[in-house]
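Trainee: This is what each chain is made of:
There are 2 protein chains.
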Amino acid sequence: MVDPIKMEDALEQIELLLQAGDFDAAAEYIRTLHPADGAEMLNTLEPTDQAEIVTRMEPDDLAGVFEQMDGEEAAELGQHLDVQALANVLDEMEADDAVDVLGEMEPADATAVLEQMDEANTIAPLLAYPEDSAGGIMNLPPPSLRRAMTVAEAFQFIKKTYHDASEVFYLYVLDRYGQLIGVVNLRALILAEPTQTIDEIMMRDVISVRVDTDQEEVAQIFSRYDLLALPVVDAEDHLVGIVTVDDAVDVIEEEATEDIYHLAQVSADSEIFGPIIHSIRTRLPWLYVNLLTAFFAAAVVAIFEDTIAAVAVLAVFMPIVAGQGGNAGNQTMTIMVRSLALGEIDVSQAWRALRREFLIGLLNGLSLGIGVGAVAWLWEGNPMLGLIIGLAIMGNLVVAAIAGVLVPTTLKRLNIDPALASSIFVTTATDVMGFALFLGLATLLINWLL
Amino acid sequence: MVDPIKMEDALEQIELLLQAGDFDAAAEYIRTLHPADGAEMLNTLEPTDQAEIVTRMEPDDLAGVFEQMDGEEAAELGQHLDVQALANVLDEMEADDAVDVLGEMEPADATAVLEQMDEANTIAPLLAYPEDSAGGIMNLPPPSLRRAMTVAEAFQFIKKTYHDASEVFYLYVLDRYGQLIGVVNLRALILAEPTQTIDEIMMRDVISVRVDTDQEEVAQIFSRYDLLALPVVDAEDHLVGIVTVDDAVDVIEEEATEDIYHLAQVSADSEIFGPIIHSIRTRLPWLYVNLLTAFFAAAVVAIFEDTIAAVAVLAVFMPIVAGQGGNAGNQTMTIMVRSLALGEIDVSQAWRALRREFLIGLLNGLSLGIGVGAVAWLWEGNPMLGLIIGLAIMGNLVVAAIAGVLVPTTLKRLNIDPALASSIFVTTATDVMGFALFLGLATLLINWLL
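Chains as they are written, first to last, in my numbering: chain A, 1387 to 1836; chain B, 1387 to 1836.
Among the clues, some could well be false.
Derived CB-CB ranges, DEER-like [as the list claims (entries may be wrong)]:
hint: 1; chain 1: B; residue 1: E1603; chain 2: A; residue 2: D1446; range: 29 to 35 angstroms
hint: 2; chain 1: A; residue 1: P1661; chain 2: B; residue 2: E1603; range: 28 to 34 angstroms
hint: 3; chain 1: B; residue 1: A1760; chain 2: A; residue 2: D1446; range: 56 to 62 angstroms
hint: 4; chain 1: A; residue 1: A1406; chain 2: B; residue 2: D1636; range: 44 to 50 angstroms
hint: 5; chain 1: A; residue 1: D1636; chain 2: B; residue 2: E1432; range: 37 to 43 angstroms
hint: 6; chain 1: B; residue 1: Q1542; chain 2: A; residue 2: E1398; range: 44 to 50 angstroms
In silico BS3-like cross-links for lysine-lysine, where the CA-CA straight-line distance does not exceed 30 angstroms [to be verified]:
hint: 7; chain 1: B; residue 1: K1798; chain 2: A; residue 2: K1546
hint: 8; chain 1: A; residue 1: K1546; chain 2: B; residue 2: K1546
hint: 9; chain 1: A; residue 1: K1798; chain 2: B; residue 2: K1546
hint: 10; chain 1: A; residue 1: K1545; chain 2: B; residue 2: K1798
Hints in this document: simulated from the structure, not taken from any laboratory.
A virtual CB, placed ideally from N, CA and C, is assigned to each residue, including glycine.
Produce the entire structure from the sequences given, and follow the hints as far as they go.
Mentor: So, in structure tokens, the structure goes:
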């Protein structure tokens, strides 16, 4: 039995070998690790150490490690190898992973490597598909069965043709035109009588996706139907590839991270470690966009400068009115964005969501408005101040509810990622409307406040 | 070939049947759907319609549908069935899913149903494990091989014992003490010669988890090592269960949703549709907690009321100083929380992260501070106002960086979910410090502002 390794211990061990300059031992040590662990380890090393190690590893070992990295990381490591060596590694890799690596290289370099690859002809077609489509994450289909085969013949066929295929647990059945007509799982094949035909034991309801399906939708189908693999077909229903569940898992994590980062207004490729300049590039532009909207809100406040000069206590409660609206809007917006991402709601249900959220905003606003209004009254001893704050908060929570529903659904309708831009618009709405409601009411009723 | 169904069309069809009062046809229609689609459909129907339909469905069809729901939803639907009927359905379900349903029922009801189940003895032990541990999401292990078996014997064994086992693609090998010593995948078995022994073809490096491992860690292992199934062992290495990748996918989505909702300060079980009162309960308490911290910030502003009364324009820029700090803090905090959740960073690296974020905060703060300061200078014609705002923003971005790193790592160290509470503390820090820096500097330098 093997426990997942303790990465810290492993890192200590490799550091000792590197300090001793024993790169052969270091390369050998990485070879003995699970490729996923070897990949993480190589990624954390300095480029000079990386170069010493990867040039000492066998193509098939390195292929296993590269398969566990994302394309960008593997392409970076690949720069330490010469063209022929890199081509040898890519030849040993799963086709979809090799394509990811080539896709991250300079076009001229990628072409040079591809020319040296034995598998060039098989993987070249995969290079044509967009990275975030079913075609971009699929692998080449395994050899397919024909419906007239007997179970005994299918066993012979598998023994003959499947030595190269990686973990394949479903066998696909094609008709004479190459169209997908059924699927047999390996267990069903083992349980069947040798004389039965594939036609008798195959399942005909094969869930499949088109090659241009967005990867997020592919991941949703995996999750919904509990699949281990999903066949990919072209416009004429010909089987052109297979997406496996490990790729779907990567997509699910990637898309969740993307949504989390976008909701927090950080670019999706942010990393906690990595070049400082990259971190600034993934964050500062967002702060500037926010700043622009903050100036909108400031301009609204500026309209009421005279009111604030006369009743400075308004400045004390301003952030509360805007902040509560912002928080409530963020709640509604986040639930909408996540529900849209998981396919639990679609834009056609926006109207129903709006009515619900309006009511929730009104009730939460009533509760908070009364609460804050009472505190303000007691604090400052002025009931009118309490009333103004209470009304402004209630109103702003309704604004928050409306913006929280309409902004993400409108963006979705416009085919813009709702996670990407919703925060900006919702916060702007609650800031501007919060200040306008609060300071506007105070200006109207200023005689009661002086 | 089957496309994933269009849920809207299917819902229209079932509504027609229900309006006609033809519940037999409605039940039959749901039977023809993929269980995942049937589950979604049943979940959207009114309770009275649900009752009419589930009482008309066969136990094994209903079992398939229940397996696709979460335990709570299935337990709710199960209330429409009598004890014996529900027991029959649970008997047909995967053990882990049946346990989830029982876990969501009133203890007395669950006991009554369990007593009527044929499988009571096999699933009772599973009830003992916490819901969010490996034990809570695992299924019963499939029949295991012994190392001395030949491949031919293994085939016979599988044919005899695997008719009930669901999608199993790995075969586990136990020694005479029931300890896990190896794994054989079905494809390897098919490719082997009939006379080879299991000992010759099994892989000895089996990654496994202990039964008390947290489900989030289980999901991370699936994702890291690209597994389809993961054996679960007790303290003595005895095989006690199997977690399959579809369950890991559910956990990954569930944990991501939980983090997204907690970061937005909404309870994890929020739903876009469902009872209004539930939505208020999952959101209003968070707004009140925020309110409490907003009063802290307001109290800071109140200290400087005289300054604001004298220089009302400060109120115009107040929200910008606090807001930019809040946004930057949210960026750092979100990257930290997500990196901790994905296991890309652990708390021991907090110091390294802090140094990086400090530098990023300083540089971003410099850029924003100069930008906003210049705008304020030009807008109000007062260079000192620009300087004060610029310094306050720069300072607040450094505060944001420090809070954004220290709050999540400290919570993690205290075994509190960082996603759950980080927002509150980080926002409080940037609000309070933002106002204090800005208004404090303005008070010190007030003679330059009048």
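Trainee: Against the 30 angstroms threshold, does the CA-CA distance of K1798/A and K1546/B hold or violate the hint?
Mentor: 52 angstroms, violated
Trainee: For D1636/A and E1432/B, compare the CB-CB distance with the range 37 to 43 angstroms and indicate the outcome.
Mentor: Holds - the Cβ-Cβ distance for D1636/A and E1432/B, about 39 angstroms, lies within 37 to 43 angstroms.
Trainee: Cβ-Cβ distance between E1603/B and D1446/A: within 29 to 35 angstroms?
Mentor: About 30 angstroms separates the Cβ atoms of E1603/B and D1446/A, which means 29 to 35 angstroms holds.
Trainee: Quick check: does the Cβ-Cβ distance between A1406/A and D1636/B fall within 44 to 50 angstroms?
Mentor: 46 angstroms, holds
Trainee: Can the restraint linking K1798/B and K1546/A be considered satisfied, given a maximum Cα separation of 30 angstroms?
Mentor: 53 angstroms, violated
Trainee: Within a Cα-Cα threshold of 30 angstroms, do K1545/A and K1798/B meet the stated pairing?
Mentor: This hinted pair is violated, its Cα atoms lying about 51 angstroms apart.
Trainee: Has the hinted range 44 to 50 angstroms been met by the Cβ atoms of Q1542/B and E1398/A?
Mentor: 48 angstroms, holds
Trainee: Using the C-beta atoms of A1760/B and D1446/A, is the stated range 56 to 62 angstroms upheld?
Mentor: Given about 59 angstroms between the Cβ atoms, the range holds.
Trainee: Is K1546/A within 30 angstroms of K1546/B, Cα to Cα?
Mentor: 26 angstroms, holds
Trainee: Please test the hint of 28 to 34 angstroms on the beta carbon pair from P1661/A and E1603/B.
Mentor: Holds, at about 30 angstroms.
In this structure, the hints that do not hold are numbers 7, 9, 10, in rising order.
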